[in-house]
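Participant: Construct the complete structure from the given sequences, taking the supplied hints into account.
Taken in order, these protein sequences are the chains called A and B.
This note's numbering runs 6 ahead of the 1-based position in the first sequence.
This note's numbering runs 47 ahead of the 1-based position in the second sequence.
Quick caveat, the hints were computed from the structure, so don't treat them as lab data.
Some hints here could point you the wrong way.
Only part of the chain A face toward chain B is listed, based on derived beta-carbon distances under 10 Å [what the hints assert, rightly or not]:
no., residue
1, I10
2, L51
3, Y112
Straight-line C-alpha distance at most 30 Å; calculated DSS-like pairs for lysine-lysine [unchecked claim]:
no., chain 1, residue 1, chain 2, residue 2
4, A, K63, B, K49
5, B, K147, A, K15
6, B, K89, A, K20
7, A, K89, A, K20
8, A, K89, B, K49
9, A, K63, A, K76
10, B, K147, A, K77
11, B, K89, A, K77
12, B, K114, B, K147
13, A, K63, A, K20
14, B, K147, A, K89
15, B, K89, A, K63
16, B, K114, B, K49
The model shown is predicted, which means the values in this text are computed figures rather than measured ones.
Every residue gets a Cβ at the ideal spot worked out from N, C-alpha and C, and that includes glycine.
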Amino acid sequence: DGGITQSPKYLFRKEGQNVTLSCEQNLNHDAMYWYRQDPGQGLRLIYYSQIVNDFQKGDIAEGYSVSREKKESFPLTVTSAQKNPTAFYLCASSRTGGRNSGNTIYFGEGSWLTVV
Amino acid sequence: QKEVEQNSGPLSVPEGAIASLNCTYSDRGSQSFFWYRQYSGKSPELIMSIYSNGDKEDGRFTAQLNKASQYVSLLIRDSQPSDSATYLCAVNPGAGNNRKLIWGLGTSLAVNP
Chain A
7 DGGITQSPKY LFRKEGQNVT LSCEQNLNHD AMYWYRQDPG QGLRLIYYSQ IVNDFQKGDI
67 AEGYSVSREK KESFPLTVTS AQKNPTAFYL CASSRTGGRN SGNTIYFGEG SWLTVV
Chain B
48 QKEVEQNSGP LSVPEGAIAS LNCTYSDRGS QSFFWYRQYS GKSPELIMSI YSNGDKEDGR
108 FTAQLNKASQ YVSLLIRDSQ PSDSATYLCA VNPGAGNNRK LIWGLGTSLA VNP
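Facilitator: Below, the structure is given as structure tokens:
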């Protein structure tokens, strides 16, 4: 089945640790995104990538890093510099292009990260 | 600052009724509009996209776009308890690049049996 796979679904991080969230898509989408969702704050863009080997910071990139070595994969690392990482993390992908060309964003199932 | 606003709710409707969810946006040049449904603890799933003024129907769902008044709405006919969820409105002020996609905070819908 085509889709976006995120892993792990639940992750616990100790203070000072880096953790990496995996995101893989087989939709042949060029663009991939990472969002963070906190209660009452809606979706906030962390990083996005339009093509392989290129990515751009979103609105809340501090304390996070990404790579895009393959079209299918866009892992997110939550570093120890991120002081409040407990949140629901959503990976998404879309085709690129103009209006009406199928630029709809589709989401993976999400990963819950908790600091312990 | 470009904004997308939704009434947080909760909006409560009886089973079988029509649920009406509204979303207003500030950027008059916005091009693409999306409605997503999000169940508690789950990721958002697309219900509908709309790009042109007017109505777009898909099963029990109808999206309505009025660019002059800068609002987009979602009607759910014959509401079912399984429709109980948070509905997110997203607006793309540009064409294509979802980098600028702006999300509303969502409206919580409760359909009572």
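Participant: Run every hint past the structure and note whether it holds.
Facilitator: Consistency of the hints with the structure:
1. I10: Holds: closest Cβ of chain B sits about 9 Å from I10(A), inside 10 Å.
2. L51: 7 Å, holds
3. Y112: 7 Å, holds
4. K63(A) x K49(B): Roughly 19 Å between the alpha carbons, so the hint for K63(A) and K49(B) holds.
5. K147(B) x K15(A): Holds: K147(B) and K15(A) sit about 27 Å apart, inside 30 Å.
6. K89(B) x K20(A): Answer holds: K89(B) to K20(A) is near 24 Å, not above 30 Å.
7. K89(A) x K20(A): Given that 30 Å is the threshold and the Cα spacing comes to 12 Å, the pair holds.
8. K89(A) x K49(B): Given that 30 Å is the threshold and the Cα spacing comes to 27 Å, the pair holds.
9. K63(A) x K76(A): 18 Å, holds
10. K147(B) x K77(A): 21 Å, holds
11. K89(B) x K77(A): Roughly 25 Å between the alpha carbons, so the hint for K89(B) and K77(A) holds.
12. K114(B) x K147(B): Roughly 18 Å separates the two Cα atoms, so the pair holds.
13. K63(A) x K20(A): 25 Å, holds
14. K147(B) x K89(A): 25 Å, holds
15. K89(B) x K63(A): 25 Å, holds
16. K114(B) x K49(B): 15 Å, holds
The structure is consistent with each of the numbered hints, conforming to all of them.
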